[in-house]
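Sequence lines, in order, name chains A and B.
When we follow the working numbering, the leftmost residue of the first sequence carries the number 1, and every step to the right adds one.
When we follow the working numbering, the leftmost residue of the second sequence carries the number 1, and every step to the right adds one.
FYI, nobody ran anything at the bench for these hints, they're computed from the structure.
These numbers were taken from a predicted model, which means no experiment stands behind them.
Just to be clear, a hint being listed does not mean it is correct.
If chains are identical, the list can't say which one is meant, so a pair holds when it fits in one copy or spans any two.
As a list, the in silico SDA-like pairs of lysine to any residue whose alpha-carbon atoms are at most 25 Å apart [what the hints assert, rightly or not]:
1) K263 <-> D58
2) K253 <-> T276
3) K123 <-> S281
4) K270 <-> E67
5) K261 <-> T250
6) K305 <-> G185
7) K275 <-> L260
8) K305 <-> N16
9) K261 <-> V61
10) K203 <-> S32
11) K270 <-> V117
12) K278 <-> N48
13) K263 <-> V137
14) K196 <-> E67
15) K278 <-> N64
16) K190 <-> L314
17) K196 <-> N72
18) K83 <-> E57
19) K253 <-> V137
2 protein chains.
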Amino acid sequence: MSEFARVCVDAMGGDNAPAEIVKGTVDALNESDKIKVWLVGQQAAIKNELSKYTYPEDRLVIVNAEEVIDPNEPPVMAIRKKKDSSIVKGLELTKDGTVDAFVSAGSSGAILVGGQVIVGRIKGVERPPLAPLIPNVNGVSLLIDCGANVDARATHLVQFAKMGSIYMEHIVGVKNPRVAIVNIGAEEEKGNALVKETYPLLKNCPDINFIGSIEARDIPKGDADVIVCEAFVGNVILKMYEGVADALVTVIKKGLMSTLKSKIGALLVKPTLKKTLKGFSLEDYGGAPLLGLNGLVIKTHGSSKSVEIKNSILQVIPFKEQDISGKISSNLSQTD
Amino acid sequence: MSEFARVCVDAMGGDNAPAEIVKGTVDALNESDKIKVWLVGQQAAIKNELSKYTYPEDRLVIVNAEEVIDPNEPPVMAIRKKKDSSIVKGLELTKDGTVDAFVSAGSSGAILVGGQVIVGRIKGVERPPLAPLIPNVNGVSLLIDCGANVDARATHLVQFAKMGSIYMEHIVGVKNPRVAIVNIGAEEEKGNALVKETYPLLKNCPDINFIGSIEARDIPKGDADVIVCEAFVGNVILKMYEGVADALVTVIKKGLMSTLKSKIGALLVKPTLKKTLKGFSLEDYGGAPLLGLNGLVIKTHGSSKSVEIKNSILQVIPFKEQDISGKISSNLSQTD
Numbered sequence: 001m002s003e004f005a006r007v008c009v010d011a012m013g014g015d016n017a018p019a020e021i022v023k024g025t026v027d028a029l030n031e032s033d034k035i036k037v038w039l040v041g042q043q044a045a046i047k048n049e050l051s052k053y054t055y056p057e058d059r060l061v062i063v064n065a066e067e068v069i070d071p072n073e074p075p076v077m078a079i080r081k082k083k084d085s086s087i088v089k090g091l092e093l094t095k096d097g098t099v100d101a102f103v104s105a106g107s108s109g110a111i112l113v114g115g116q117v118i119v120g121r122i123k124g125v126e127r128p129p130l131a132p133l134i135p136n137v138n139g140v141s142l143l144i145d146c147g148a149n150v151d152a153r154a155t156h157l158v159q160f161a162k163m164g165s166i167y168m169e170h171i172v173g174v175k176n177p178r179v180a181i182v183n184i185g186a187e188e189e190k191g192n193a194l195v196k197e198t199y200p201l202l203k204n205c206p207d208i209n210f211i212g213s214i215e216a217r218d219i220p221k222g223d224a225d226v227i228v229c230e231a232f233v234g235n236v237i238l239k240m241y242e243g244v245a246d247a248l249v250t251v252i253k254k255g256l257m258s259t260l261k262s263k264i265g266a267l268l269v270k271p272t273l274k275k276t277l278k279g280f281s282l283e284d285y286g287g288a289p290l291l292g293l294n295g296l297v298i299k300t301h302g303s304s305k306s307v308e309i310k311n312s313i314l315q316v317i318p319f320k321e322q323d324i325s326g327k328i329s330s331n332l333s334q335t336d
Numbered sequence: 001m002s003e004f005a006r007v008c009v010d011a012m013g014g015d016n017a018p019a020e021i022v023k024g025t026v027d028a029l030n031e032s033d034k035i036k037v038w039l040v041g042q043q044a045a046i047k048n049e050l051s052k053y054t055y056p057e058d059r060l061v062i063v064n065a066e067e068v069i070d071p072n073e074p075p076v077m078a079i080r081k082k083k084d085s086s087i088v089k090g091l092e093l094t095k096d097g098t099v100d101a102f103v104s105a106g107s108s109g110a111i112l113v114g115g116q117v118i119v120g121r122i123k124g125v126e127r128p129p130l131a132p133l134i135p136n137v138n139g140v141s142l143l144i145d146c147g148a149n150v151d152a153r154a155t156h157l158v159q160f161a162k163m164g165s166i167y168m169e170h171i172v173g174v175k176n177p178r179v180a181i182v183n184i185g186a187e188e189e190k191g192n193a194l195v196k197e198t199y200p201l202l203k204n205c206p207d208i209n210f211i212g213s214i215e216a217r218d219i220p221k222g223d224a225d226v227i228v229c230e231a232f233v234g235n236v237i238l239k240m241y242e243g244v245a246d247a248l249v250t251v252i253k254k255g256l257m258s259t260l261k262s263k264i265g266a267l268l269v270k271p272t273l274k275k276t277l278k279g280f281s282l283e284d285y286g287g288a289p290l291l292g293l294n295g296l297v298i299k300t301h302g303s304s305k306s307v308e309i310k311n312s313i314l315q316v317i318p319f320k321e322q323d324i325s326g327k328i329s330s331n332l333s334q335t336d
């Protein structure tokens, strides 16, 4: 096994590619000597960006891929047709073990579909969940699943709980992470059919620290570390985070400009306010891992700047050192 | 038909009963002479509160009910057993036509169950949805359904869309309200099984102005007037609104206290900030109507203060004048 955490980075993915992606890669390489990066994408564009920086050249490989998958392309078709795209090539390097992980800010659909089809699931894993870290007033929680496969079954949610617990414990460093299921009330008898079926399974699962239901209102308070839900619900939660926060910032800004007194006040509070809101933004926690695959796939925001790319790359170090895939494999194969 | 909008108000419901409930009732009576109120609850407590105010006594009736349903009681049992409770008596007055509407800040479960069991559905209505108004950056939208009956069918959602459109047009005054279905992407082929089944039904429904899918992120922006979803999802959306807003206010306050400069700024921005956040709070829009019943049932927040009670009572005037129940009845019976 290589001593490096070997990461393939999609140089062409996201709104700010390739400039911010290359910058994030260079920053990661300069920050940690445990990292080796394969930058995949249009070679000329990558080289052009790289020429702006100094970096350890022996830990950077360029892999040429001429095609780019657009976020609006139907994902299944894109994965099938664009064999010379940065996403397909990156996922293939993960599949064949050249790298430990693939990081991309590109098409969510293509990454999720390609992750399953090309990289493949760990034996025993029924569905690979997408699990972003979301901020709360005290730190972060893992929201699992926000992926593309909706209408999950109860057994899927139990696996999400286990994989999420392993991730929070060994990557984020939360001891005995509290697992809760998203519900419309705190009582065990509440919920839709899926939640009612899942609840007793989680309650009787010896591998996790299940604390019961969590109402959506309590998620931003940080009342649980691993927040288990079906992907449609997870998507709504994630996007409400963004939407409500953005709307509040809009109305607050408008409000602050409404009187002379508050305008002066606004000047004084602006730096702190900006810092505070940044700490509560979704974008600073690195990308969301797609768990349960034969290799780590990390999806970052389409709007990723270099810092998110850098953080996502660095996330691969503990993922490899802690052998998360091995832990998921042995944990899920025990009981399934 | 009585010339008054006749409203029964649950004097015993919510955290601030009976004081704030009685105050809200008095305020409504003093604000509009189109209102007549039946205050139901423990007579002695009601009279005690009423003694603090002057109000038009000829438009206030006290109905004694000795029992109180606790929010933690199992609702079906509570409705069945506590015949002398304010909720059961209030719903019975609505059922028998003594009043046009029942307003309560009490047990959501009991009100939702009792609304269906005691008041009963309008012929043709398959499920009565709970439909709160939620703030957005430009005004309000109607979120339908946030009720107790999860796992809805596609035909239910179509009825929600129709009822919500009638409500937004005739009560809130939005011409040709834009109807959207909550989804995890904008494209027609996205979604879970329920959304995929519902989408074409809404698209082909001639009575509504269907604009397609809405992602949760765009709800607070005000991109639709009637936001259709299944109750579990609606509950998550509603509670994320509260949760994210509360969490943001917490971190902002903490942030503002972190430096001397921002502390001074905070003093200057505080009044404006408070006003702005109040305008974006869920509690100032009166209660949520439970639509599709033989009479209007309005559920207000458990934490309702007098202003929410007053607004909920006044809401009954247009509901009666516009004959919303009649409109729902003729619209839904046409096509079902």
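Alpha-carbon proximity context of K305 and G185, limit 25 Å: between (38 Å within a copy, 23 Å between copies)
Homomeric proximity label, K278 with N64: Cα distance no greater than 25 Å: neither (35 Å within a copy, 54 Å between copies)
25 Å Cα threshold - placement of V137 relative to K253: both (21 Å within a copy, 12 Å between copies)
Homomeric proximity label, K196 with E67: Cα distance no greater than 25 Å: neither (46 Å within a copy, 32 Å between copies)
Homo-oligomer pair classification [V61, K261; C-alpha up to 25 Å]: Intra 56 Å, inter 48 Å, cutoff 25 Å: neither.
Intra/inter-copy verdict for K261 and T250 if alpha-carbon distance must be at most 25 Å: both (19 Å within a copy, 23 Å between copies)
Status of D58 relative to K263 across identical chains (alpha carbons, at most 25 Å): neither (52 Å within a copy, 50 Å between copies)
Up to 25 Å CA-CA - E57 versus K83, copy category: For K83 and E57, the Cα distance exceeds 25 Å both inside one copy (27 Å) and across copies (80 Å).
Copy assignment of K275 with L260, given that the CA separation must stay at most 25 Å: This pair counts as both: shortest intra-copy Cα distance 23 Å, inter-copy 15 Å.
K196 and N72: within-copy, between-copy, both or neither at 25 Å Cα: For K196 and N72, only the inter-copy Cα distance (19 Å) is at most 25 Å; the intra-copy one is 36 Å.
Alpha-carbon proximity context of K190 and L314, limit 25 Å: neither (40 Å within a copy, 33 Å between copies)
Copy assignment of K278 with N48, given that the CA separation must stay at most 25 Å: Neither: 31 Å inside a copy, 51 Å across copies.
When the structure is compared with the earlier hints, violations turn up for hints 1, 3, 4, 9, 10, 11, 12, 14, 15, 16, 18 and for no others.
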